[in-house]
Amino acid sequence: EAQVTQNPRYLITVTGKKLTVTCSQNMNHEYMSWYRQDPGLGLRQIYYSMNVEVTDKGDVPEGYKVSRKEKRNFPLILESPSPNQTSLYFCASSLAFGYQPQHFGDGTRLSIL
Amino acid sequence: GQQLNQSPQSMFIQEGEDVSMNCTSSSIFNTWLWYKQDPGEGPVLLIALYKAGELTSNGRLTAQFGITRKDSFLNISASIPSDVGIYFCAGQASGTYKYIFGTGTRLKVLA
Numbered sequence: 001e002a003q004v005t006q007n008p009r010y011l012i013t014v015t016g017k018k019l020t021v022t023c024s025q026n027m028n029h030e031y032m033s034w035y036r037q038d039p040g041l042g043l044r045q046i047y048y049s050m051n052v053e054v055t056d057k058g059d060v061p062e063g064y065k066v067s068r069k070e071k072r073n074f075p076l077i078l079e080s081p082s083p084n085q086t087s088l089y090f091c092a093s094s095l096a097f098g099y100q101p102q103h104f105g106d107g108t109r110l111s112i113l
Numbered sequence: 114g115q116q117l118n119q120s121p122q123s124m125f126i127q128e129g130e131d132v133s134m135n136c137t138s139s140s141i142f143n144t145w146l147w148y149k150q151d152p153g154e155g156p157v158l159l160i161a162l163y164k165a166g167e168l169t170s171n172g173r174l175t176a177q178f179g180i181t182r183k184d185s186f187l188n189i190s191a192s193i194p195s196d197v198g199i200y201f202c203a204g205q206a207s208g209t210y211k212y213i214f215g216t217g218t219r220l221k222v223l224a
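Protein chains in written order, with my numbering: chain A, 1 to 113; chain B, 114 to 224.
Note that these hints are calculated values from the structure, not bench results. Bear in mind the structure is a predicted one, so any value in this text is a computation, not a measurement. Please note: incorrect hints may appear among the correct ones.
[Said to hold, decoys possible] Not the full set, but computed from the structure, chain A residues with beta-carbon under 10 Å of chain B:
no.	residue
1	16
2	26
3	28
4	31
5	50
6	57
7	64
8	90
9	104
10	105
[Said to hold, decoys possible] Derived DEER-like restraints, expressed as beta-carbon distance ranges:
no.	chain 1	residue 1	chain 2	residue 2	range
11	A	54	B	207	15 to 25 Å
12	A	73	B	224	35 to 45 Å
13	B	190	A	111	38 to 48 Å
14	B	118	A	73	11 to 21 Å
15	A	113	B	128	38 to 48 Å
Ideal Cβ positions, reconstructed from N, Cα and C, are used throughout, including at glycine.
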């Protein structure tokens, strides 16, 4: 089954403790992306990747890092999480940029205390 | 960062009524997309629009890419209870590889 898998689905942690949210897709997609969703703000793109080893900033990259060492995986790294990064995070992938649809994962709810 | 102006923010309608929502942008978009999000899930693409003036239907849903390339609307006809959810517009601004999302329209359908 074609899917985008995020882990963990839920995480409560404390300020400053490094964490990684994993994202994996099984569709051989080139374009992958991370979004955060906050009430009243919709989804905002954090980082995107056009292909392996090619990543770039979205609209809200501050406080986040990503890597794309393999085509299927696109982890989101919070080196020193802060409470303002408490949010619902989505990973998405598509065949290439501009191709639809983007397939979204089921989301990761992060709470930073 | 840039966001799209999406309206209305929320709607309560009776089953069987038609629904209309729209998005506007200050910049030109090459692609307009409409998504639906159900609780606890990621957004799912409903309709994709690629050309100014394009009008596309998907069952009871119809969306149009505005002539100015700065707006789009989504209509839902004869709403049913399973239409409940959050609807997002999104687009790809010209000259970028990023997607910009609207703030969402929360739809509730009263049976």
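Here is how each hint holds up against the structure:
The criterion of a C-beta within 10 Å of any C-beta in chain B is not met by residue 16 of chain A, whose closest approach is roughly 25 Å, and the hint is violated. Proximity of residue 26 of chain A to chain B is violated relative to the hint, the smallest CB-CB distance being about 16 Å (cut-off 10 Å). Residue-level restraint check for residue 28 of chain A is violated (minimum Cβ-Cβ distance to chain B is 19 Å; threshold 10 Å). The restraint placing residue 31 of chain A at the interface with chain B holds, with a minimum CB-CB distance near 8 Å, inside the 10 Å limit.
Proximity of residue 50 of chain A to chain B holds as hinted, the smallest CB-CB distance being about 6 Å (cut-off 10 Å). The interface hint given for residue 57 of chain A is met, as the beta carbon of that residue sits about 9 Å from the closest beta carbon of chain B, less than 10 Å. Residue-level restraint check for residue 64 of chain A is violated (minimum Cβ-Cβ distance to chain B is 13 Å; threshold 10 Å). For residue 90 of chain A, the interface hint holds, since its Cβ comes within 10 Å of a Cβ in chain B; the closest pair sits about 5 Å apart.
Residue-level restraint check for residue 104 of chain A holds (minimum Cβ-Cβ distance to chain B is 3 Å; threshold 10 Å). The criterion of a C-beta within 10 Å of any C-beta in chain B is met by residue 105 of chain A, whose closest approach is roughly 6 Å, and the hint holds. The given range of 15 to 25 Å is respected by residue 54 of chain A and residue 207 of chain B, whose C-beta atoms sit roughly 21 Å from each other. Take residue 73 of chain A and residue 224 of chain B: their Cβ atoms lie about 44 Å apart, and the range 35 to 45 Å holds.
For residue 190 of chain B and residue 111 of chain A, the Cβ-Cβ distance of about 40 Å falls inside the hinted range of 38 to 48 Å, so the restraint holds. Between residue 118 of chain B and residue 73 of chain A the C-beta distance comes to about 35 Å, which lies outside the given range of 11 to 21 Å. The hinted range of 38 to 48 Å is satisfied by residue 113 of chain A and residue 128 of chain B, whose Cβ atoms lie roughly 42 Å apart.
Of the hints listed earlier, those the structure fails to meet are numbers 1, 2, 3, 7 and 14, in rising order.
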